[in-house]
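S.K.: Both chains come to you apart, so use the hints to assemble them.
First to last, the protein sequences are chains W and G.
Those letters in the first sequence? Residues 1 to 107, per my numbering, in order.
Those letters in the second sequence? Residues 1 to 564, per my numbering, in order.
Think of the hints as simulated: they come from the structure by calculation, not from any bench.
Check before you lean on any hint, since a few could be wrong.
Simulated coverage check for chain G against chain W, where a stretch passes if three residues somewhere in it have a Cβ under 8 angstroms from a Cβ of chain W [said to hold, decoys possible]: (1) 50 to 56; (2) 88 to 102.
In silico BS3-like cross-links for lysine-lysine, where the CA-CA straight-line distance does not exceed 27 angstroms [as the list claims (entries may be wrong)]: (3) 12(G) <-> 64(W); (4) 166(G) <-> 64(W); (5) 94(G) <-> 64(W); (6) 164(G) <-> 64(W); (7) 94(G) <-> 12(G).
Just a sample of chain G residues kept apart from chain W, beta carbon distances all over 12 angstroms, derived [unchecked claim]: (8) 12; (9) 120; (10) 125; (11) 164; (12) 322; (13) 337; (14) 454; (15) 533.
Where is the CB? At the ideal position from N, CA and C, for every residue including glycine.
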Amino acid sequence: MPKKTQTDPAPPLSPPPEFWKLRLYVAGMTPRAVAAFDNLTKLCEEHLAGCYEIEVVDLLVNPKLAAGDQILAVPTLVRRLPPPMKKIIGDLSNQERVLVGLDLRPR
Amino acid sequence: MTAKKKIAPLEKCPTGIRGLDDITQGGLPRGRPTLVCGGTGCGKTLLALEFIVRGILEFDEPGVFMSFEETSEELAKNVASLGFDLEGLIRDQKLAMDYVHIERSEIEVTGEYDLEGLFVRLNSMIVETGAKRVGIDSLEALFAGLPSESILRSELRRLFRWLKDKGVTTVITGEKGKNELTRHGLEEYVSDCVIFLDHRVVNKVGTRLLRIVKYRGSSHGTNEYPTMIDEHGLSVLPISSLGMDYAVTTERVSSGIERLDMMLGGKGYYKGSSVLVSGTAGTGKSSLGAAFVDATCRRGERSLYLAFEEAPAQITRNMASIGYDLEQWTKKGLLRFHAVRATLYGLEQHLGTIIQLVHEFKPATVVIDPITNLSAVGSIEEIKAMLTRVIDFFKNQGITTLFTSLTEGGGPSEQTDVGVSSLMDTWVLLRNVETLAGERNRLLFVLKSRGMAHSNQVREFTLTDRGIRLIDVYVGAGTVLTGSSRLIQEAQDKARTEALRQEAMRRQRELEQEKAQVQVQIEALQHKAAVLAENIDTLASSEKARLEAAVNCRAQLAGARQAD
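Isolated chain G, as found in the complex (with noise of 0.2 angstroms):
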């Protein structure tokens, strides 16, 4: 009986799955059977083998397995992509497989009987390989193998209650039931925790869930947890095991524009930071995004760059265009590219991909071109809940992430598709405005941009083939303008303030000319009058002499009269 193995607090067996030991919040019940139900290829079997097989690897408890379905040699055969050396493992005396083969055609029955016999191979596989760990899959077989049900249920009753007596944690399998967990209902057997594994078609694309169905005494995650099968093996996603206790710092990276810089505090985004570039079709969004790889790259730090709509070579040709060289980077192992449909696969392998390719390639900045796209393999919330735990994720590993988003035309745009602006720090919206002038042109701003004093200012956005450049736009006269308008607005200015100045030199030469005619006048008038004190001067010096003359001809006359 359980009660009397132990009263103290449940003991976890790590089961070494990604993500499967977060949810559990320490793995599976420890001494105690473990079912996990699902449909066919639902990864049942891999759970149960890699809970073996990591155990010894990584927990160095040694392991049994009984599969009722496969051969040793398939099951090493299917392992063995994964990295695991199952027959190397047996010949170390860690892992003791086998095969339980059950031919319902040879076999007759007649009376009573009971599976000792299987009780002894488990036995005799645990003491020889000192096994804490067993699996096995499925018991159902038994069901279709043998005869006489209610010898079966009650030899399984005894076989878990057996398990539990010799302190193994174990893993069964079964298959998935039309109305119960399990065809044959072992989830009456096993009381402690069940674990159920999905894998569901939504619009052509497969997902894989999973979910703790019950876990006695423990807590545990209770959501559908996407789940992926890769060549690591099985991995589960949760949100909640990512956690948001993560460092940050002020540290601020580029966003390859001198001006977005600048109107983002005059540093750049926050290192660490997610940020989301939208707008509708053709406003710049992957330039933007090329702007930042360029700028991660130039800083020689690496740059991944996730495409779900270009092929890596059309992106570097486009952004060669505008000036981005990025192949230069691709050369020297900055940058990588990873092009993938959006419907490739479902959002869990997507978001797998994507945690991988940051293990491997270690980049100090993401971008993800564009997020809307993965709208085609799930619903908003899915998408929502998957991009929560890439930003998480990002956040955690201190990678600044640019996110684009088409926004489609006609909406409003300070709207994603996705609405995924509230897990954004800093979202830069790209417009087209289309002016009278007969242009679109582009419009940048920044919407919002947590922990920065950014700027409320509008700039026009150009693609140059020397990189972007952002531009004020004409503000005046209680209009804004862009483009061939703002040009013309701005000739209109000059011309205007040129006749200004011009009307001044006018009037400016006119008055000097009149002050120079003063000027003749003047002179004129002074000569006049020089020329009239002259006048002046000889009529009074001829006065004089004739005065002069009068007298001395006086005097002659009356010496001539002789006169007295």
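Isolated chain W (complex conformation) (with noise of 0.2 angstroms):
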């Protein structure tokens, strides 16, 4: 893509176009397991449409994986790339931490 003037801080921008490996760790489908999926592919589709990626992680399936991301809480989405690792705990319902969360939005 050609080079933008930035003016606005436009959603898109502040992503460069690199791919998202984002893993989102349940256990069980609870209401407040779907409600993180819903708000995350919401936010995912708003600002990394194309590069990004969510693999969903149930630990009732699979619990051997909980101890590797150190998982205690759920829902927990984990941001395996790009480095460095980050955590957000919680049903995800408020957007702008999330944003904040994932480095899409400057503290």
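M.R.: Here is the structure:
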């Protein structure tokens, strides 16, 4: 893409075209898990369209995976790529905080 | 809920930690959580980990350990010195460990959440090992790592209920709080059993203590129990666990001094009894100890000498000077010295060390010289409590123990500084007496000796180069004399007797002389009588001759006159 003069801090700008690998840990498809997944996909479509991948890990199915990413709370969203690793706990209902947490928006 | 689980009497889960099972009367409540709280470095983590590891090793109950503070590698390293091979246990699928790390800075919270991840991790480990025991050290890290306390609290409540429903016995540790038992009030959730650990420093000496704050549905010891951590792990040293139901014997052991044995009903101390030797400085307490040790080794039995005051080399040298060659026993392995300054560590550690040494060395007799030095590390009550346990322990083992106790000058000597005389079976008192002759002499007497007809006599106690000798004191003319006064008095007595004897002899000689004189006189008179008799005879015969002559003469005259 050719360079664009940045006047408005519009949403899809800050992420460079790199690949985002996100993992959402849940424990069973609880309403909170579903809400978190919905909130996440919505956010990704708005800000990371085309360059993201969401992997949902159900700890009830794969309990062993919990220790690897040091998961205690569910739902937990882990940004595996790009580094550094980020963790966001909760149902991701507050989009602003999620954007800050994912470094998509400056603190 | 707990109510539906068990109505039968509370089942206990033994911890395998020395002493703890005694004061909890069998262990922790099985299938329920127990909270272990205390300040930094009080041994919470060790208690929790020992509970798990000993559960596997001693009771064949697999366990799970979840740590929020140290990694599995760090923990494995920490307990390797206790001989615990955590990695091996993990390989054998007896143990599962999980290190939970929460980095607050890399966590953002948005919206509602729960701690199902923690449950999942615990559950997977419990299922994997078939765990019966769970250790969690320490949950309070959650409060530092995650915001929204209300969620945490409700999740903790859920966690404890969940653990109970799983039927696992859990030990949870918590940091001591300012006004509460734990910083975040964990005791609110754990209502079954709470153990409090403390590490106090008094007079610059650290003392570890353990107390059962509560134990629902069970009686338990309520005291603060001294606790120690050594190369065998944590151990609690309860007084009550030792009890007083030891077997007693009528067997005797020699004190090492023949005449003292005579004073003690002719045979010496009872085997397994406790003997107190008290006296002021320099009365020969240690020497009495050495005599006892020497006698033990002479019988081919082992003796342990706990010296709080002198180095072994010094004791050996000094005792050699009074004829006790202790070195030979050390070389033969019959005598072991354990010399430490009393102030090196707290009372409970001393006690633990003593118990450990006794288990290792298995002595028949033990000398503790002197117990009074312990007062540097504890109050009289504490020392008395400790000695009670020491004595109970020795009695249980059938070990005869000799304690020396230094009495400060000035005070009454029938009062020991640590007030332990009531615990002792035999009390030998040594006393210095100053005589008019300008000497200090040692006196020994048996103040009490339970269960034997002991002598009520005072003996003079002398240290010779061939050992300790007891001498009768001079008793006469209303005084008790010792030392050179005794010698002088004895000499004076001897002189007086001699004078009387001489006087009698002189008198005898006089009489004999007189008798001889009389004899002589008798002889002289007899002689005189004989002479007189002779004279009388001579006179008589000459008279007769004269008469005859006269007759003859008249006849001749008549003839000459031609008379008719």
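S.K.: Run every hint past the structure and note whether it holds.
M.R.: To see whether the hints hold, each was checked on the structure:
For the segment 50 to 56 of chain G, the assignment as covered by chain W is violated, since 0 residues bring a beta-carbon within under 8 angstroms of that chain's beta-carbons and 3 are needed. Coverage of a stretch by a chain is defined here by at least three residues with a beta carbon nearer than 8 angstroms to that chain's beta carbons; for the segment 88 to 102 of chain G and chain W the count is 4, and the condition holds. Between residue 12(G) and residue 64(W) the CA atoms are separated by roughly 32 angstroms; this puts the pair beyond 27 angstroms, and the hint is violated. With a CA separation close to 19 angstroms, the supplied pair residue 166(G) and residue 64(W) stays within the 27 angstroms bound.
Restraint check for residue 94(G) and residue 64(W): the C-alpha separation of about 17 angstroms stays at or below 27 angstroms, so the hint holds. The hinted pair formed by residue 164(G) and residue 64(W) meets the criterion: a straight-line CA distance of about 23 angstroms does not exceed 27 angstroms. Of the supplied pair hints, the one linking residue 94(G) and residue 12(G) holds, its CA atoms being roughly 21 angstroms apart against a limit of 27 angstroms. With a minimum CB-CB distance of about 31 angstroms to chain W, residue 12(G) clears the 12 angstroms threshold, and the non-interface call stands.
For residue 120(G), the shortest C-beta to C-beta distance to chain W comes to about 4 angstroms, within the 12 angstroms cut-off, and the non-interface label is violated. At the 12 angstroms boundary, the C-beta of residue 125(G) falls inside the reach of chain W, the nearest C-beta of that chain being 9 angstroms off. Residue-level check passed: residue 164(G) sits 20 angstroms from the nearest beta carbon of chain W, beyond 12 angstroms. For residue 322(G), the condition that its CB be more than 12 angstroms from all CB atoms of chain W holds, with the nearest at approximately 69 angstroms.
Look at residue 337(G): its CB is around 52 angstroms from the nearest CB on chain W, clear of 12 angstroms, so calling it non-interface holds up. The claim that residue 454(G) lies off the interface holds: its Cβ sits roughly 71 angstroms from the closest Cβ of chain W, which is beyond the 12 angstroms cut-off. The beta carbon of residue 533(G) sits about 152 angstroms from the closest Cβ of chain W, which is more than 12 angstroms, so the claim that it is off the interface holds.
Figure legend: structure checked against the earlier numbered hints; hints not met, in rising order: 1, 3, 9, 10.
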